[in-house]
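Engineer: Based on the hints, put chain B in the right spot on chain A.
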Amino acid sequence: MNTPDTIESHTLPNGLTILIQHMPAVQSAAYCLLVPAGSIYDQPGKNGTASVTCDMLTRGAGDYDSRQLAIAQDSLGLQSGESVQSKHIKFSGATLKDNLPQSLEILAEIVRRPQLKADQFSPALNSVRHSLLSIEDEPRQKVMIELKRRCEGLPWGKPTDGSLADLPNITLDDAQRHFESCFRPEETILGIAGNVDSQQVVETVSRLFGDWEQGTEPEVESAPAGPDRDHLELESTQTQIGLAYPSVSVDDPDYYTAWASVSILSGGSSSRLFTEVREKRGLCYAVYATLGSLKDSGHVLCYAGTTVDRAQETLDVMLEVIHNLSNNITEEELNRCKAGAKSALIMQQESSSGRASRIARDWFLRDRVVTLDEIHDKLDAITPQKISDYLSQHPAEHLTLLTIGPAALEIKS
Amino acid sequence: MKFHSTVLDNGLTVIAETNPHVHSVGLGFFVKTGARDESPEVAGVSHFLEHMAFKGFDNLTADDVNQRFDDVGASYNASTSEEVTQYYAAILPEYLPQTFELLAGIIQPSLKVEDFNTEKQVILEEIGMYDDLPGFTVYEQAMAAHFRGHPLGQSILGSPESITALTADQMRDYHADRYRAGNIILAVAGNTSWEQIQGLVERYCAKWPGGGGDRNVYPASPEPTQHFQPLTSIQQEHVMIMIPAPEADSPDRYAADILAMIIGDDTNSRMFWDIIDPGHADSADFGYAEYDGSGAYLSYLAGEPEETPANLERLKTILTQVSDEGITDEELEQAKNKVSSRVVLASERPMGRLASLGGNWIYREEYRAVKTDLDTIQSITKDDLHALVEKWPLELTTVYGLGPLEGV
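Which chain is which? The protein sequence lines are A and B, in order.
Heads up: the first sequence begins at 0 in numbering that gives the first Met the number 0, then just goes up one per residue.
Heads up: the second sequence begins at 0 in numbering that gives the first Met the number 0, then just goes up one per residue.
Extracted from the complex, chain A is given alone in its bound form (with noise of 0.2 Å):
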């Protein structure tokens, strides 16, 4: 069975823009709104003014409190939540195919109309403390959230989730201040995917969102990256490892082949990082290795957590396995990468939700929908032969490391 792999795209006049995948062999709907107001535009010191805005928006908005709001989406069946990114707060949903207009409808009730009150304003400070608190108790997530810190700089390795020492900072004014300076039409992204009546749903979207007034783009904190090999101290049974390098952003003419050699690096049980790490040693449970592409840059990101008195030949093998990671390559080891990434693509076509995130996160960052076919296309074109040329001009370098755990561990050269 095919779907055909059209996806449509309105600009309203306002300049948010709405993409349409129509599915017609599945009974929901899903919605993936990105509003451009995430954690690069916190403040100076004042990181975390994006999730407590975020977590205020379904406090009441329009005339509804928070627990009419929750009953109106319960009432719709409506799984739905918000998330804090970096660039965006993401507002996403899926219910089925009849509720979608009304499950809008809610939706631009607390984008446009949040009531952003005095007395909501401290439970939502304590929220994200908790959740900050939350993640001091679990070192695999902070190690990732402290490497991007360190090898991005600012605003892209801001935490998206805001920082403790910032939170006192933090008043209802600067909310407010958040909410007004940056919910805003242009560069806001509304994916929907599922079986709709796209005329129906641009009607529905230009009515809801159609007079929601332009602004302007607010100043972002820019920042250096660095340090380059930091440890944090922690009583644990377990050494996380952090471990980064610059790769290309998502525009680059060679990210599928860069995403390939990440791909052989760690993307199935039978990569290299795996093999030799775990398998053939046994020396932890959880590694691997991520291709961390934004619009205008990139990293690949890594991880190993390890007990502690194997924890600098875990990271002495992760790097072995990095520097050779082109010795070698062969056609077979790029059909496997190849083959998972084509099953992943026709997988998503079942899942409406996962359609809706995919193609707004696709015009972020490529300001079109890229389709299954070109997708084909470039994996198609990737030879072993390519992968070497593109390692020989992209070597692992301008290591970022970063541990936590009792002991600090060593580069060696």
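These are calculated hints, taken from the structure and not from any lab test.
Every residue gets a Cβ at the ideal spot worked out from N, C-alpha and C, and that includes glycine.
Among the hints, a few may not be true.
Unchecked claim - Looking from chain A toward chain B, a few residues come up when the C-beta cut is under 10 Å (computed):
#1 Ala69
#2 Ser121
#3 Val127
#4 Cys283
#5 Met346
Said to hold, decoys possible - Okay, derived cross-link-like pairs now, DSS-like style, lysine-lysine, Cα gap no bigger than 27 Å in a straight line:
#6 A:Lys96 / B:Lys335
#7 A:Lys337 / A:Lys279
#8 A:Lys337 / A:Lys377
#9 B:Lys381 / B:Lys335
#10 B:Lys119 / A:Lys279
#11 B:Lys315 / B:Lys381
#12 B:Lys1 / A:Lys96
#13 A:Lys279 / B:Lys111
#14 A:Lys294 / A:Lys45
#15 B:Lys370 / A:Lys96
Stated by the list, open to error - Cβ pair distances, simulated, as ranges:
#16 B:Glu93 / A:Asn323: 32 to 38 Å
#17 A:Asp308 / B:Arg341: 41 to 47 Å
#18 B:Glu305 / A:Glu104: 37 to 43 Å
#19 B:Thr166 / A:Glu220: 56 to 62 Å
#20 B:Glu365 / A:Asp97: 28 to 34 Å
#21 B:Phe2 / A:Glu220: 57 to 63 Å
#22 A:Asp308 / B:Gln197: 48 to 54 Å
#23 B:Ala368 / A:Glu216: 50 to 56 Å
#24 B:Ala386 / A:Glu202: 45 to 51 Å
#25 B:Glu365 / A:Tyr287: 35 to 41 Å
Structural biologist: Relative to the frame of chain A, chain B by itself:
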């Protein structure tokens, strides 16, 4: 969607729900064995064996197995619980034959000593990883306390000592005893045909040794207990609360699910409004877990240590109010809507259906279509919930804390 089932001569049960309107097919072997089926000297063997399955079978090595799964772009994994060890994969329909061969093969693994010794290190690392995750540790310790003296209290991972002492021979014996065809269910969901499945089963599973697996099933009778284990290296106090609830084959299990959702779903539940919304805690939830012959409500509270005693009181107040005054019509309607919507959304993907197919069969030998589940959910009344609470009172039985607090 169409349902099919059969039982082979060796006892293997095969169930399938075919659906030509999806892009993929999911298949899973559900072995009715887990931590509760282990004797103390092999604590952790079920989970360790699940890892060893991927280390090779027949002439294939671990590298071969990993490569072949990756060759077909499979999304695959395995998991071990107190009662079930499952191996599953989702693939595009054209790769079903190869994937079936692999998945059926790994369940009869080579169990080579060299691989066993290497993987032992990985298991010890996994235990170390969970040791640094207080939310997981508190779950294990609360289960051990709640089900003290009952097989359900046995740890899934085992201890560093039991894993270190375990031998490959002990694992082979356990495998021979627990992985007989009569103790395994194959479930398939998605874009395939019953004829194709029958052919694959005949080819790859018919020669498996027959026979079933015994399990000592009897209800647990937990005694009230409260313990706060001090751990000053972490920031939050993590608390797990357990209360006896209906067993897996009880007709009350749907009501228990709905009740748990009204009390402690992650949004718009009593705990959400009284504990999370005002900012008193980071996590506060309440769920229902079904087991063979027993059941439990599990509630998890995590937040600042100073707030913990007050949060426990808030939970007690909620439970007392639900017991004494019941729930409202609106709460029941919203909970039904939520459960129904989740059932429909999960059913759109073969992997979502697979979990439901396998679970229903392993516990109840029952097929439930999506429509049947939805009808059951809609039929639940306030009287059902009232009767449930009468039968299974909402009284805190096990309270286990981990974090800076020394006691409450």
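Engineer: Determine for every hint whether it applies to the structure shown.
Structural biologist: Going down the list of hints, with the structure as the test:
Against a cut-off of 10 Å between C-beta atoms, the interface hint on Ala69 of chain A holds, since the closest Cβ of chain B lies about 4 Å away. Nearest Cβ of chain B to the Cβ of Ser121 of chain A: about 7 Å, under the 10 Å cut. The hint holds. Against a cut-off of 10 Å between C-beta atoms, the interface hint on Val127 of chain A holds, since the closest Cβ of chain B lies about 9 Å away. The restraint placing Cys283 of chain A at the interface with chain B holds, with a minimum CB-CB distance near 5 Å, inside the 10 Å limit.
Interface hint status for Met346 of chain A: upheld, as the beta-carbon distance to the closest one in chain B is roughly 5 Å, under 10 Å. Between the alpha carbons of Lys96 of chain A and Lys335 of chain B the distance comes to roughly 18 Å, so the proposed pair stays at or under 27 Å and holds. Only pairs whose Cα atoms come within 27 Å are accepted, and Lys337 of chain A paired with Lys279 of chain A is accepted, the gap being roughly 24 Å. Distance hint between Lys337 of chain A and Lys377 of chain A is fulfilled; the C-alpha atoms sit about 10 Å from each other, no more than 27 Å.
Straight-line distance between C-alpha atoms of Lys381 of chain B and Lys335 of chain B comes to about 12 Å, which keeps the hinted pair within the 27 Å bound. Restraint check for Lys119 of chain B and Lys279 of chain A: the C-alpha separation of about 12 Å stays at or below 27 Å, so the hint holds. Distance check on the hinted pair: Lys315 of chain B and Lys381 of chain B sit about 21 Å apart at the alpha-carbon level, within 27 Å; holds. At roughly 23 Å between alpha-carbon atoms, Lys1 of chain B and Lys96 of chain A fall within 27 Å of each other, so this suggested pair holds.
Between Lys279 of chain A and Lys111 of chain B the alpha-carbon distance is near 14 Å, which keeps this suggested pair within the 27 Å criterion. Between Lys294 of chain A and Lys45 of chain A the CA atoms are separated by roughly 24 Å; this keeps the pair inside 27 Å, and the hint holds. Of the pairs offered as hints, the one joining Lys370 of chain B and Lys96 of chain A holds, with about 17 Å between alpha carbons and a cut-off of 27 Å not exceeded. Taking the beta carbon of each, Glu93 of chain B and Asn323 of chain A are about 34 Å apart, inside 32 to 38 Å as hinted.
Here the CB-CB span from Asp308 of chain A to Arg341 of chain B is close to 45 Å, well matched to the stated 41 to 47 Å. About 41 Å separates the C-beta atoms of Glu305 of chain B and Glu104 of chain A, a value consistent with the hinted range of 37 to 43 Å. Distance hint check: the CB atoms of Thr166 of chain B and Glu220 of chain A are about 58 Å apart, consistent with the given range 56 to 62 Å. A C-beta distance of roughly 30 Å is found between Glu365 of chain B and Asp97 of chain A, which places it inside the suggested range of 28 to 34 Å.
A hinted range of 57 to 63 Å for the beta carbons of Phe2 of chain B and Glu220 of chain A is consistent with their spacing of about 58 Å. Separated by about 52 Å at the C-beta atoms, Asp308 of chain A and Gln197 of chain B satisfy the suggested range of 48 to 54 Å. Take Ala368 of chain B and Glu216 of chain A: their Cβ atoms lie about 51 Å apart, and the range 50 to 56 Å holds. Against the hinted window of 45 to 51 Å, the Cβ-Cβ separation of Ala386 of chain B and Glu202 of chain A comes to about 48 Å, which satisfies the hint.
For Glu365 of chain B paired with Tyr287 of chain A, a C-beta distance near 39 Å keeps the hint of 35 to 41 Å intact.
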